[in-house]
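Asks: As numbered in UniProt numbering, residues 1 to 567 make up the sequence shown, in order.
Hints in this document: simulated from the structure, not taken from any laboratory.
Yeah, the Cβ is synthetic: ideal placement off N, Cα and C, and Gly gets one too.
One or more of the hints may lead you astray.
Stated by the list, open to error - Derived CB-CB ranges, DEER-like:
| hint | residue 1 | residue 2 | range |
| --- | --- | --- | --- |
| 1 | 214 | 240 | 16 to 24 angstroms |
| 2 | 268 | 237 | 42 to 50 angstroms |
| 3 | 121 | 19 | 51 to 59 angstroms |
| 4 | 412 | 240 | 45 to 53 angstroms |
| 5 | 199 | 290 | 47 to 55 angstroms |
| 6 | 202 | 474 | 17 to 25 angstroms |
| 7 | 3 | 134 | 39 to 47 angstroms |
| 8 | 100 | 156 | 27 to 35 angstroms |
| 9 | 128 | 474 | 25 to 33 angstroms |
| 10 | 547 | 240 | 28 to 36 angstroms |
| 11 | 412 | 3 | 24 to 32 angstroms |
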Amino acid sequence: MKEFSNTTRIDNLKSMQDQELDLLVIGGGITGSGIALDAQTRGLKTGLLEMRDFASGTSSRSTKLVHGGLRYLKQAAINEVHEVGSERAIVYNNAPQITTPLKMMLPFYYGGTFGPFTTSIGLDVYDRLAQVKSSERKYMLDPKKTLEREPYIKGENLKGSGVYVEYRTDDARLTLEVVKKANEEGSLIANYTKVTGLLYDSQNKVCGVIFKDLISGTTGEIFAKKIVNACGPWVDEIREMDGSNVGKHLHLTKGIHLVIDHEKFPISNSIYFDTPFHDNRMMFAIPREGKTYIGTTDTTWNEDPKEPDITVRDVTYILAAANQMFDLPQALTPEDVESGWSGVRPLIQEEGKSPSEISRKDEIFQSNSNLLSIAGGKLTGYRKMAEKIVDLVAHQLDDEGDYEYKPVQTENLTLSGGDVGGDSGWLSFYDKMAQEGVVNYDLEREEAEQLVQRYGSNILTVYKLLSKDASKDNLPRIDWAMLQYGLQFEMVEHPIDYLLRRSSQMLFDIEHEKEIQAPVIDYMSDFYHWDVDTKQAMTDEANKKLHLTELRDVKNAYKEHIAKITE
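Go ahead and model the full structure; you've got the sequences and the hints to work with.
Replies: And the structure:
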């Protein structure tokens, strides 16, 4: 497979400065990555700059579902449900290794938002709008069958449930596989490269950017015929830089999710439920990798979007909802939370609407200087968002210079790691490659399955990196191979890139992450020849993120509260 490393990054920055691009994308989340892939495959010379790591903002902090937008039926967002439902099937076919179908239960209660009749109709409409295949269409369960299927749902006042299909994903890796595919197609991409200014021609039209390489500290200029601002929560900052942040603007809302060990939250089904607080909110509780994660909140956020905090109020809100919805072995407290994540949604402001009521639709803005900005939207709809804005870019280029370009190529374009025979061939590929890991690489079946699920058709490259020894450089052989793969083929620049976004260990295997964090930093320090100050900065970054992810401040505040009331 094609290298995607620090060397690639350095070469790409040089190459972008040596030519005029057709399109430069600012932002390496799912939207910007999708735009780079779409444009490059249509024949446009495309570059992409990301100021931190790929998917380090909103695109790694979602509910981790490629879903059809059932909740948006409540907002009568019919077109959005239809579009993202159709796109969900495309994502699954193009990247089945990171898109897992799962049955989602929607229980309903006396006095709740949903009832048997409205739920049945709603799910029927959803199935039709989302073009759900017949084998995955909804069915309804009475209270007895509901409790047989999921015994931990509370039975009091239960009227039944609907069961439908959603698709669980690893949002950070989905973004990464899009980025890697864009790299394979020839797009010039660099992370940790911040746009610090915009360049304009004699007609005052935007024609390039000034950037700073946050790793080397060097600066430079990149010129392009078209600039697309796909910075998610930072879209308005780039518009401000352009002097065009007028009219519609972003409304940032914060959402948090909590991860709890499956023994303490032992549901076997994914559940989508009405919160018991009559606040018009819905929550997901989803089993994954021996854990259950639950969320989300939806509150206005007016501060720095890089690292929105998780408060005691956020945590107690979610845990109270879980404790009222489920009959668990013991009531959940903040001390039961192993990890959590928070992120912001870059929604487009709609006057008079609460955060939960604001539509998740996407919108394109074009300034007087011809800066194009795209905001809003959902993870599931990233490909269609890219198609819309690249259509616009391509038509403008054609009008201005008689351009030749292809129609959209991404509908049936396999993402990196997705060359497994589509969704219909995935299970047989999964079984074959897992067995390959057991027979030829001395892995346990569960270890091999986890690797195949993570890397898909790139698995053989990872297998070949496995050391024959149980550990290497103080790292378990599997972590050593995954880190090597990340450095060579996934542009891992900071330890947090590997620990959080490439491996998800800081979220779903936090005790293991704490064991390997120092060896990972040590290895990367030697690999990149960091000086003492750089290594310390990387260590501080990882420790700070671990502190936040473990919710240490929340747990300490909770302990202090308990101590006071029990004195």
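Asks: Hint by hint, say whether it matches the structure.
Replies: How the hints compare with the structure:
1. 214 - 240: 16 to 24 angstroms: With Cβ atoms ~20 angstroms apart, the hint holds.
2. 268 - 237: 42 to 50 angstroms: holds (44 angstroms)
3. 121 - 19: 51 to 59 angstroms: holds (56 angstroms)
4. 412 - 240: 45 to 53 angstroms: This hint is violated: roughly 39 angstroms between Cβ atoms.
5. 199 - 290: 47 to 55 angstroms: Distance hint for residue 199, residue 290 holds at roughly 50 angstroms.
6. 202 - 474: 17 to 25 angstroms: Violated - the Cβ-Cβ distance for residue 202 and residue 474, about 58 angstroms, lies outside 17 to 25 angstroms.
7. 3 - 134: 39 to 47 angstroms: holds (43 angstroms)
8. 100 - 156: 27 to 35 angstroms: This hint holds: roughly 32 angstroms between Cβ atoms.
9. 128 - 474: 25 to 33 angstroms: Hint violated: Cβ distance 55 angstroms, outside 25 to 33 angstroms.
10. 547 - 240: 28 to 36 angstroms: holds (31 angstroms)
11. 412 - 3: 24 to 32 angstroms: holds (26 angstroms)
Checked against the numbered hints above, the structure violates hints 4, 6, 9; every other hint is satisfied.
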